[in-house]
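**Student:** Take a look at the letters that make up each chain.
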Amino acid sequence: EPEVTQTPSHQVTQMGQEVILRCVPISNHLYFYWYRQILGQKVEFLVSFYNNEISEKSEIFDDQFSVERPDGSNFTLKIRSTKLEDSAMYFCASSGWGSSSTDTQYFGPGTRLTVL
Amino acid sequence: GENVEQHPSTLSVQEGDSAVIKCTYSDSASNYFPWYKQELGKRPQLIIDIRSNVGEKKDQRIAVTLNKTAKHFSLHITETQPEDSAVYFCAATRNTGGFKTIFGAGTRLFVKA
Numbered sequence: 001e002p003e004v005t006q007t008p009s010h011q012v013t014q015m016g017q018e019v020i021l022r023c024v025p026i027s028n029h030l031y032f033y034w035y036r037q038i039l040g041q042k043v044e045f046l047v048s049f050y051n052n053e054i055s056e057k058s059e060i061f062d063d064q065f066s067v068e069r070p071d072g073s074n075f076t077l078k079i080r081s082t083k084l085e086d087s088a089m090y091f092c093a094s095s096g097w098g099s100s101s102t103d104t105q106y107f108g109p110g111t112r113l114t115v116l
Numbered sequence: 001g002e003n004v005e006q007h008p009s010t011l012s013v014q015e016g017d018s019a020v021i022k023c024t025y026s027d028s029a030s031n032y033f034p035w036y037k038q039e040l041g042k043r044p045q046l047i048i049d050i051r052s053n054v055g056e057k058k059d060q061r062i063a064v065t066l067n068k069t070a071k072h073f074s075l076h077i078t079e080t081q082p083e084d085s086a087v088y089f090c091a092a093t094r095n096t097g098g099f100k101t102i103f104g105a106g107t108r109l110f111v112k113a
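If you're matching them up, the sequences are chains R and F in order.
Heads up, the first sequence is in my numbering, so the first residue is 1 and it goes up one at a time.
Heads up, the second sequence is in my numbering, so the first residue is 1 and it goes up one at a time.
Chain F with its partners taken away, still in its complex shape:
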């Protein structure tokens, strides 16, 4: 079945450093790739997304890259701040022949002040 692998499961960085989270998906029909930030006890919040016809997208300190051939996509956070500490989930969505979103297992990011 469809699967999304996410690495690492835990990431600890110093404030100001960059953080990179990587995902691989299996369903070649996936065409939309959102990233969510989830704080403890809260709902997932969309932080950035990328569609399959785009290779890279940036929004201030956050960027996402997509390699459709390799089925890889990555989240890059620069100049990390303590408030970036949370669990980050990647996801792959297919919206043809039915709507289905598969999430990765999550990365717990710790940003040390």
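Chain R on its own, in the form it takes in the complex:
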């Protein structure tokens, strides 16, 4: 069964550095999402992406964040200048096409980001 994949599984960075988190959504999916989960807390929506543009973003997704679909398979989240409070698990998700399939989101395994 196809799955969403994410790399790296764990990223350690220094405060102020840029990081890029990578995701490969399920191949025929059209809708892409990033979420974050601070340890022990709920899953928080960051951004949704469709038709090569941002569909919706949350208050968390400020100017330090950007997303890109640089080719036909990858979907990336860039944090320009990381802060300590960016430490979290970042999940990518994708959903398909068709009236019911657009809803069901499949999550990747996550990237644990640690900012020192």
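To be clear, the hints were calculated from the coordinates, so they are not data collected in a lab.
Check each hint, because a few of them may be wrong.
As the list claims (entries may be wrong) - Quick partial rundown of chain F residues pointing at chain R, CB under 7 Å, derived from the structure:
1) 32
2) 43
3) 44
4) 98
5) 99
6) 100
7) 101
8) 103
9) 105
10) 106
All residues carry an ideal CB built from backbone N, CA and C; glycine is no exception.
With chain R held as given, fit chain F onto it using these hints.
**Tutor:** For chain F alone, coordinates are given in the frame of chain R:
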């Protein structure tokens, strides 16, 4: 802004008993309500979902109900087993005028053998 309230935050039941988790959402444009199970260190896994044109859905030991007027939806797990122990999240999705999913704070379910 949009919000999803989830209760209880912790639930402990005996094996074989039922568990009920309740959520309330604020965005009246929400039209899709998934439930996720998350084990420690793992990704959220979809266990059941319901769309706004349906009041109830069942899949073996798991059922979900939706009251759109009251903006309430609930997860019911019957005949609980120790392997049901995990954190359960409800979520409300709007897919008109942009795609956005808001999660509840989660319920930690303990099933005692």
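**Student:** Each of the hints needs a verdict: does it hold here or not?
**Tutor:** Here is how each hint holds up against the structure:
{"no.": "1", "hint": "32", "verdict": "holds (4 Å)"}
{"no.": "2", "hint": "43", "verdict": "holds (4 Å)"}
{"no.": "3", "hint": "44", "verdict": "holds (5 Å)"}
{"no.": "4", "hint": "98", "verdict": "holds (4 Å)"}
{"no.": "5", "hint": "99", "verdict": "holds (4 Å)"}
{"no.": "6", "hint": "100", "verdict": "holds (4 Å)"}
{"no.": "7", "hint": "101", "verdict": "holds (5 Å)"}
{"no.": "8", "hint": "103", "verdict": "holds (4 Å)"}
{"no.": "9", "hint": "105", "verdict": "holds (5 Å)"}
{"no.": "10", "hint": "106", "verdict": "holds (5 Å)"}
In summary, this structure violates none of the numbered hints.
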